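Those protein sequence lines, which keep their order, are chains C and R. Under the numbering used here, the first sequence has 336 at position 51, and the numbering climbs by one with no breaks. Under the numbering used here, the second sequence has 142 at position 141, and the numbering climbs by one with no breaks.
Each hint can be trusted.
Taking beta-carbon pairs under 7 Å as the criterion, some of the chain R residues facing chain C (in silico): (1) Ala74; (2) Leu85; (3) Ala155; (4) Pro175; (5) Val176; (6) Glu183; (7) Val184; (8) Glu187; (9) Phe211; (10) Ala214; (11) Ala215; (12) Ile241; (13) Val268; (14) Phe280; (15) Gln291; (16) Ala302.
It should be emphasised that the hints constitute simulated quantities derived from the structure, not laboratory data. All values derive from a computational prediction rather than experimental measurement. All C-beta atoms, glycine included, are put in the ideal place defined by N, C-alpha and C.
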Amino acid sequence: MRRQIPIILAFVFGFFMLVQFFVPALTGAYETVVDWTQTIFIFTLLVGVAGMLKYHAEKVSRRDAGYGYNVVTLVGVAVMALAGLIGGRGEATLFSWIFDYMQAPMQATVFSLLAFFVASAAYRGFRVRNVESTLLLLAAILVMVGRVPLGDYISPYFPKIANWILNVPSMTARRGIFVGIGLGTIATSLRVILGIERTYLGRS
Amino acid sequence: MRADTSDQQYKYSLQRGTMPLGQFEDIIVFTSSAGMYVDGNLARGKEYYYRLRISGRTGETYSRVYGPFRPSANWYHSGRTNVLIGVIAAALLMGTFVLYGKRGGKLYMRPIAGLQAVDEAIGRATEMGKPILYSAGRGSMQRPATIASMNILASVAEKVAEYNTPLIFPNNDPVAMAVAQEVAYEGYSRAGHPENFNPDNIFFVTDSQFGYAAAVDGIMLRQRPATNLFFGTFEAESLILAETGNSIGAIQIAGTDSSIQMSFFVVACDYVLIGEELFAASGYLSQDPQVLGSLKGSDYAKLIIVTLLLAGLLAIALGYSGFLAWLTIA
Numbered sequence: 286m287r288r289q290i291p292i293i294l295a296f297v298f299g300f301f302m303l304v305q306f307f308v309p310a311l312t313g314a315y316e317t318v319v320d321w322t323q324t325i326f327i328f329t330l331l332v333g334v335a336g337m338l339k340y341h342a343e344k345v346s347r348r349d350a351g352y353g354y355n356v357v358t359l360v361g362v363a364v365m366a367l368a369g370l371i372g373g374r375g376e377a378t379l380f381s382w383i384f385d386y387m388q389a390p391m392q393a394t395v396f397s398l399l400a401f402f403v404a405s406a407a408y409r410g411f412r413v414r415n416v417e418s419t420l421l422l423l424a425a426i427l428v429m430v431g432r433v434p435l436g437d438y439i440s441p442y443f444p445k446i447a448n449w450i451l452n453v454p455s456m457t458a459r460r461g462i463f464v465g466i467g468l469g470t471i472a473t474s475l476r477v478i479l480g481i482e483r484t485y486l487g488r489s
Numbered sequence: 002m003r004a005d006t007s008d009q010q011y012k013y014s015l016q017r018g019t020m021p022l023g024q025f026e027d028i029i030v031f032t033s034s035a036g037m038y039v040d041g042n043l044a045r046g047k048e049y050y051y052r053l054r055i056s057g058r059t060g061e062t063y064s065r066v067y068g069p070f071r072p073s074a075n076w077y078h079s080g081r082t083n084v085l086i087g088v089i090a091a092a093l094l095m096g097t098f099v100l101y102g103k104r105g106g107k108l109y110m111r112p113i114a115g116l117q118a119v120d121e122a123i124g125r126a127t128e129m130g131k132p133i134l135y136s137a138g139r140g141s142m143q144r145p146a147t148i149a150s151m152n153i154l155a156s157v158a159e160k161v162a163e164y165n166t167p168l169i170f171p172n173n174d175p176v177a178m179a180v181a182q183e184v185a186y187e188g189y190s191r192a193g194h195p196e197n198f199n200p201d202n203i204f205f206v207t208d209s210q211f212g213y214a215a216a217v218d219g220i221m222l223r224q225r226p227a228t229n230l231f232f233g234t235f236e237a238e239s240l241i242l243a244e245t246g247n248s249i250g251a252i253q254i255a256g257t258d259s260s261i262q263m264s265f266f267v268v269a270c271d272y273v274l275i276g277e278e279l280f281a282a283s284g285y286l287s288q289d290p291q292v293l294g295s296l297k298g299s300d301y302a303k304l305i306i307v308t309l310l311l312a313g314l315l316a317i318a319l320g321y322s323g324f325l326a327w328l329t330i331a
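Work out the full structure: start from the sequences and follow the hints.
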């Protein structure tokens, strides 16, 4: 019974989601189900936060290596929660100040690291080792030159070549991958709806 | 409702109201010769009334009130018939091969290098006495890629349980975390070592994208895993994770449903599952004939799609565009 109920629910809701795509009259019911998902997500977030607090608190109490980071996390959660509960979340509150001047810049900092990682990955990816990597390097040079104003200044053919590489060979390969991913998604969804795929249910 | 706008000295405003004698508001003013308007911004089941306001140099007048009109949705979206046919054809093919597999039919699956390397990667971590880091990225459990990731996790958990190698799995989604704990426990139980399972190693970090990337990077730099497995839905954090993993010398295997992030993984990881290989992993690792059957069915569906593409090319070359119009999704 512990496994049968989730399998039945997966079948009913999976089949409903498939059917509603072809039946506009079910749009209202579809929106209701999506609202339910949001409601359930809020509760699961509580479970997640509770689990996270327990995880970090245990590490601090055991004085595990690097437990200082766990203290920072716990303090951060407590300060944000108290700031939101006491001062509210509107403009000119402590909550929004911490968000705007601490959390958002920290997230932007991690995002900006991507520029350096792209450079190091490009260096590794474009190293000339064999015929394929040489072709990759040549294609990359042509695309990069063709996408900047300097390329057009050198020759009007560079932007045309860059667009051709992106729109023909590159897009062909991507579409092949899209078809594979699409069919893989259908096959996985079908296995879940029909109860063939049960790994996600966990312990029996 | 149609308005004859041939006489340009008049202006015609189509008005809408919810009561026949109540307030009406302009929804469109006809200033050109176009005279047809489809009112799409309506609530289903509610009654609406319409009238025309005709204004000219000498004043304005109104048409009679038309209504009530009650909008209702269709029971079938005729513009999606092509999708329906495609879904039914794919489902029939997969269903046929699932039955074939269930009845003991032999199904061959080509070796997938990325999945063959999983054993090697687990062995390496065990020999080095270091943990294995697993990430399902940013995907929620609604995404097939996350479900596929959980299938791979089941097999990985079964293997690491035998060697008692720590498996660290920081999560971005609390539901995925709960499912991952269950799936991993099942894997440890199947291997006969449920006592080795540590639920604290599968934990929720944050649902913030770059907060998650920073946390996983921190775990990599502090705990120095020998193997990183990235299977699931990844966004901009893919390269941040994979490059950090590369910098600590971990063997890395990745698979995602995003073609853009796949290219980042290709340059930063040792093995990458391309396209449908991520979804095929479940059948490859479990060798379940029913799952293999569904994969065989999707292979035949791919063959039909390629045939349709060639037929489309031929049709366009011969100047017949109806074929392309039929394949367009409304």
